[in-house]
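Asker: Sequence:
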Amino acid sequence: MSLFMINKKLKRDGYRTLDELLKDILLVFENAKTYNVEGSDIYEAAVKLERLAKSKSRALQKTMKVNEAETNRISNKNAQSLTVTRSVWKKQQKIGGSISTESLDSSLKPESSDIPLSNIETPDHKKRSGRRWNDEMLTAFRNKLMILWNTVCNYMDGKRRVATAFMFLPSKKDYPEYYDYIEKPIDLTMIKHKIDTDQYISSNDFMKDMDLLIHNAWDFNEPGSQIYRDATALQSAVRNALGTIPDLPVFNPKYCKSKIGLMKSNLPPKKHKHYGSGGENNRCSDIDLEGDLSR
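The numbering of the sequence shown is the UniProt record's numbering, which starts it at 1 and goes up by one.
No lab work stands behind these hints, which were simulated from the structure alone.
In this text, all values refer to a predicted model and were calculated from it rather than measured experimentally.
Don't be surprised by glycine CBs; every beta carbon is placed ideally from N, CA and C.
Taking CB as the label site, the calculated pair distances span:
{"#": "1", "residue 1": "K62", "residue 2": "N204", "range": "48 to 56 Å"}
{"#": "2", "residue 1": "S171", "residue 2": "K62", "range": "53 to 61 Å"}
{"#": "3", "residue 1": "D135", "residue 2": "E20", "range": "19 to 27 Å"}
{"#": "4", "residue 1": "K48", "residue 2": "S225", "range": "35 to 43 Å"}
{"#": "5", "residue 1": "K9", "residue 2": "W218", "range": "41 to 49 Å"}
{"#": "6", "residue 1": "N240", "residue 2": "N31", "range": "14 to 22 Å"}
Below 25 Å or equal to it, Euclidean Cα-Cα: the simulated PhoX-like pairs (lysine-lysine) are:
{"#": "7", "residue 1": "K56", "residue 2": "K8"}
{"#": "8", "residue 1": "K56", "residue 2": "K9"}
{"#": "9", "residue 1": "K184", "residue 2": "K172"}
{"#": "10", "residue 1": "K48", "residue 2": "K8"}
{"#": "11", "residue 1": "K8", "residue 2": "K254"}
{"#": "12", "residue 1": "K144", "residue 2": "K23"}
{"#": "13", "residue 1": "K194", "residue 2": "K144"}
{"#": "14", "residue 1": "K9", "residue 2": "K48"}
{"#": "15", "residue 1": "K33", "residue 2": "K48"}
{"#": "16", "residue 1": "K208", "residue 2": "K194"}
{"#": "17", "residue 1": "K9", "residue 2": "K62"}
{"#": "18", "residue 1": "K23", "residue 2": "K56"}
{"#": "19", "residue 1": "K144", "residue 2": "K208"}
{"#": "20", "residue 1": "K8", "residue 2": "K54"}
{"#": "21", "residue 1": "K144", "residue 2": "K254"}
{"#": "22", "residue 1": "K54", "residue 2": "K33"}
{"#": "23", "residue 1": "K184", "residue 2": "K194"}
From just these sequences and the hints, can you work out the full model?
Answerer: Structural data, given as structure tokens:
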């Protein structure tokens, strides 16, 4: 669950009550607290937003109760007025009045069309439906890749975050030999950027970059070293996570060919965020709740 998915559900009128909406919002913050270290920027942000959501919900519920009471009062007043109107009509009928039942009933009924507008499907409506389906498929594809990416970034060895050494490439100034030895350097931040900008065609394409990340660490570091062992642990973690995702491989709908060519989406690529060179907490501070970043 993410705020993006909640927003889409709101636009589709998918929530019947305020409680249903609040339940999904709180789930987003609960997930953020579960998968991030207590005391981190994301964890603290989730706590504050959770408190704010509950506070706003209570205020909205009070407003809704007041509005409901006012609506009931107006409805009762209208019902009394209608009763008086019918009473007057009956009296006039008894004394030979000219008010007819048909005219009174017709005045109380709203005008209606023979064909409900909701049943009319226009070409524009069909196009919007197709784009909405494509956007939902693209979101699902991104989310599945983010499950794998987060598995690596959140992998812990006790209290140590294993992925820290893999988040950014080594400094060219401090380790020029790395770039002489490694043909295709890659780090987890680069992989995250490729997910956000829809550069992966399929889950297999994503796994190739993950394997490249691991093999680069193996090639440059001595067997038995800490980073060599960490790379092995991360490879095992991402492959285990891959096994839990159904219907593999999954494909990016933007690259799926149809009879009319490539499918186009209205869903914009996620905005790529710059991660500075500070400590681990600073690196994680710009990450949205939908995808925790750390390496």
